[in-house]
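Take a look at the letters that make up each chain.
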Amino acid sequence: MVLPTTIIIIAIVIIPVIWNFVLAFQQTDFTSIAENGLANPFTLDNFVGVLTDPGFWSSLWTTIVYSVFSTAGSIAVGLVAALAFRQPFRGRGLARSLMLLPYVAPVVAVTFVWQIMLNAQFGIVNTLGKAWFGWEHPIDFLGKAPYALITVIVFEIWRYFPFAFLFITARLVALPRDVEEAALVDGVTPWQNFRQIVFPQLLPVISLLSVLRLIMTFNKFDDVYLLTGGGAGTEVAAVRVYDTLVGSFDIGGAAANAFVLSAILSVFLFIYVKFFANKGDDE
Amino acid sequence: MSRIVVQKRTFGALRWILIAVLVIATVFPFYYMVELSLVPIEQVLLHPERLWIPIQNFTLKTYAEVLKPQEDGGQGFAGFMLNSGIVAIATAAITLLIAIPGSYAVSRLKFFGRRQVSALFLAVYLFPVIIIAIPLFVGFSALGIRESLFGLTIVYIAQTIPVSIHMLRSYLKSIPESVEEAAMVDGAGRLRILWKITVPLAMPSIISTGLYVFMIAWNEFLFALLFLAADRNLWTVSLGLSQLSNGIEVSKTVLMAGSVLLTIPIIVLYGLTERSLTEGLTSGADKG
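Just so you know, the sequences run in chain order A and X.
According to the numbering used here, the stretch in the first sequence is residues 1 to 283, in order.
According to the numbering used here, the stretch in the second sequence is residues 1 to 288, in order.
Source of the hints: derived by calculation from the structure; they are not laboratory data.
It is possible that some hints are incorrect.
As the list claims (entries may be wrong) - Derived Cβ-Cβ restraints for the label pairs, each shown as a range:
| no. | chain 1 | residue 1 | chain 2 | residue 2 | range |
| --- | --- | --- | --- | --- | --- |
| 1 | A | Phe-21 | X | Gly-189 | 17 to 23 Å |
| 2 | A | Ile-264 | X | Asp-186 | 51 to 57 Å |
| 3 | A | Gly-231 | X | Glu-177 | 54 to 60 Å |
| 4 | A | Ala-183 | X | His-47 | 51 to 57 Å |
| 5 | X | Ile-86 | A | Phe-21 | 30 to 36 Å |
| 6 | A | Val-273 | X | Arg-275 | 29 to 35 Å |
| 7 | A | Pro-4 | X | Ala-188 | 52 to 58 Å |
| 8 | X | Pro-54 | A | Ala-11 | 52 to 58 Å |
| 9 | X | Ala-229 | A | Ile-15 | 52 to 58 Å |
| 10 | A | Ala-11 | X | Ile-86 | 18 to 24 Å |
| 11 | A | Ile-264 | X | Glu-177 | 42 to 48 Å |
| 12 | A | Val-273 | X | Leu-46 | 54 to 60 Å |
Using N, Cα and C, we set each Cβ at its ideal position, and we do this for glycine too.
When you get a sec, could you build the whole thing from the sequences and use the hints?
And the structure:
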């Protein structure tokens with residue numbers, strides 16, 4: 001009964017991953033693949049090319065900055081949101097559903113709205129910035145070096161804090177109440193209650209979220225590509241691979257780049273599993 | 001005692017400010033999207049600061065223009081929506097057909113390599129999509145199915161099966177096996193049990209999984225871009241919107257109407273499935 005699943009996963013995922021590995025060691029373009037299939041001569045040139053290109057290292061650094069800040073930010077906002085929504089209030093259900101909109105909405109639609117909101121000519125952010133805060137010139141949020149990366153990170157936090165919110169809320173609901181009630185009777189302050197009782201119990205889900213979000217953001221293509229096209233210091237690794245493939249038709253180079261990317265990711269994962277994995281989350 | 005009171009008051013007030021800020025931050029972009037989709041671009045250029053539009057300036061021409069086929073001077077979004085719809089429905093239907101027996105097997109049968117299979121499915125989830133994109137781009141070009149909705153659907157199925165199995169499996173686990181055992185005593189085979197007993201019992205979860213898969217396929221962008229960018233007749237809504245928004249020919253408010261049309265089906269489906277969806281996604285997380 002798992003046969004159809006296994007077949008399609010092998011055909012569309014496993015074989016491509018292996019093939020990517022092969023391609024990374026070949027000097028290929030579309031014509032040589034059409035003529036020789038997999039039988040092109042093997043070479044290490046692609047890896048040498050990737051690793052000696054300063055563009056690769058700067059894109060790796062950008063990816064790391066982008067992933068770490070987006071992950072930390074979205075979890076922090078998600079945590080604060082989950083705590084703010086912990087006690088029931090009128091309209092909580094509706095507000096909660098609205099909170100998940102950025103996460104479920106189509107990425108192309110929300111990136112487009114952000115582009116228009118941040119537009120230098122008629123975007124609402126620059127218009128209000130000029131009117132309320134006296135900005136002299138409109139800020140080019142998506143086209144200028146330090147701003148663009150910050151904007152992309154803020155966007156990422158906006159889009160993914162609902163994910164953290166969802167998971168942390170699920171955990172909060174399941175927390176046993178009696179410990180907290182006993183502590184309240186003993187006169188702990190709300191801050192102590194959070195710091196000493198609630199937060200430690202949330203740590204496993206927060207660490208799980210950190211890993212999931214780090215991996216997903218590290219691999220992210222859509223958001224950055226759609227917002228900035230990878231320009232103005234926002235060329236993350238996945239966008240770089242895409243540009244190598246589609247922009248310069250360098251299949252071998254793109255494959256080698258993607259391979260190095262997943263190797264780095266695997267190292268991170270390995271370190272995490274080895275040293276930080278919590279024994280509690282053996283789901 | 002006074003520290004407790006002070007903290008309670010501060011946190012109490014902060015909480016309301018936070019809730020207000022969060023709700024505005026999440027909802028405003030969507031409000032802005034709808035607002036700009038209902039006016040001609042000249043109005044926006046004239047009054048960029050306006051947060052609401054006087055009723056006499058409302059227009060639905062933007063929607064008419066974005067939907068009409070290109071030959072009639074429109075942008076052809078009706079056609080894009082049809083493409084997206086075909087791909088998303090086919091993906092959801094076929095994924096379910098494959099994932100239902102798959103998740104049943106993973107949750108019920110004890111076969112050799114079961115744990116490896118589950119681990120494999122999980123690994124798929126964590127792999128950089130871009131790494132499989134390159135060989136698929138090359139391979140599908142060689143097979144001649146790259147520029148087709150069919151090729152796109154196959155990729156979507158492979159991408160959504162792991163998460164479908166994850167969602168279905170946790171629901172199937174909650175159905176007591178004794179129901180099935182009783183049927184087995186009566187002489188029913190595995191497939192018959194699956195079809196006659198388990199599937200009807202799991203229907204709520206199957207429906208929400210199907211809708212979730214539909215949403216993923218409807219929203220997807222990278223493979224649509226890689227496979228279909230060259231042929232406008234095959235564009236999905238996401239691809240169409242992103243391709244047209246790069247240019248300057250089409251007015252931004254017309255495209256805003258396009259992005260409302262792209263978003264509405266998702267909001268509707270999300271509204272229908274919210275509860276089961278959030279439960280399915282976070283299953284396991286509440287155990288810590």
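Each hint, compared with the structure:
Evaluation of the 17 to 23 Å hint for A:Phe-21 and X:Gly-189 yields a failure: the beta carbon distance comes to about 42 Å. For the pair A:Ile-264 and X:Asp-186, the beta carbons lie near 55 Å from each other, so the given range of 51 to 57 Å is met. Look at A:Gly-231 against X:Glu-177: about 56 Å separates their beta carbons, and that is inside 54 to 60 Å. Taken as a hint, the range 51 to 57 Å holds for the pair A:Ala-183 and X:His-47, whose Cβ atoms sit roughly 55 Å apart.
Separated by about 34 Å at the C-beta atoms, X:Ile-86 and A:Phe-21 satisfy the suggested range of 30 to 36 Å. Remark: the range hint 29 to 35 Å for A:Val-273 to X:Arg-275 is upheld by a beta-carbon distance near 33 Å. A:Pro-4 and X:Ala-188 have their C-beta atoms about 22 Å apart, which leaves the hinted 52 to 58 Å range violated. Distance hint check: the CB atoms of X:Pro-54 and A:Ala-11 are about 57 Å apart, consistent with the given range 52 to 58 Å.
One distance hint, 52 to 58 Å for the beta-carbon pair X:Ala-229 and A:Ile-15, is violated here, with the actual separation near 24 Å. Checked against the given bound of 18 to 24 Å, the beta carbons of A:Ala-11 and X:Ile-86, roughly 22 Å apart, stay inside it. Restraint check, A:Ile-264 to X:Glu-177: a C-beta distance of roughly 43 Å satisfies the suggested window 42 to 48 Å. In this structure, A:Val-273 and X:Leu-46 meet the distance hint of 54 to 60 Å, their C-beta atoms being roughly 58 Å apart.
Violated hints, listed in ascending order, are 1, 7 and 9; each of the other numbered hints is respected by the structure.
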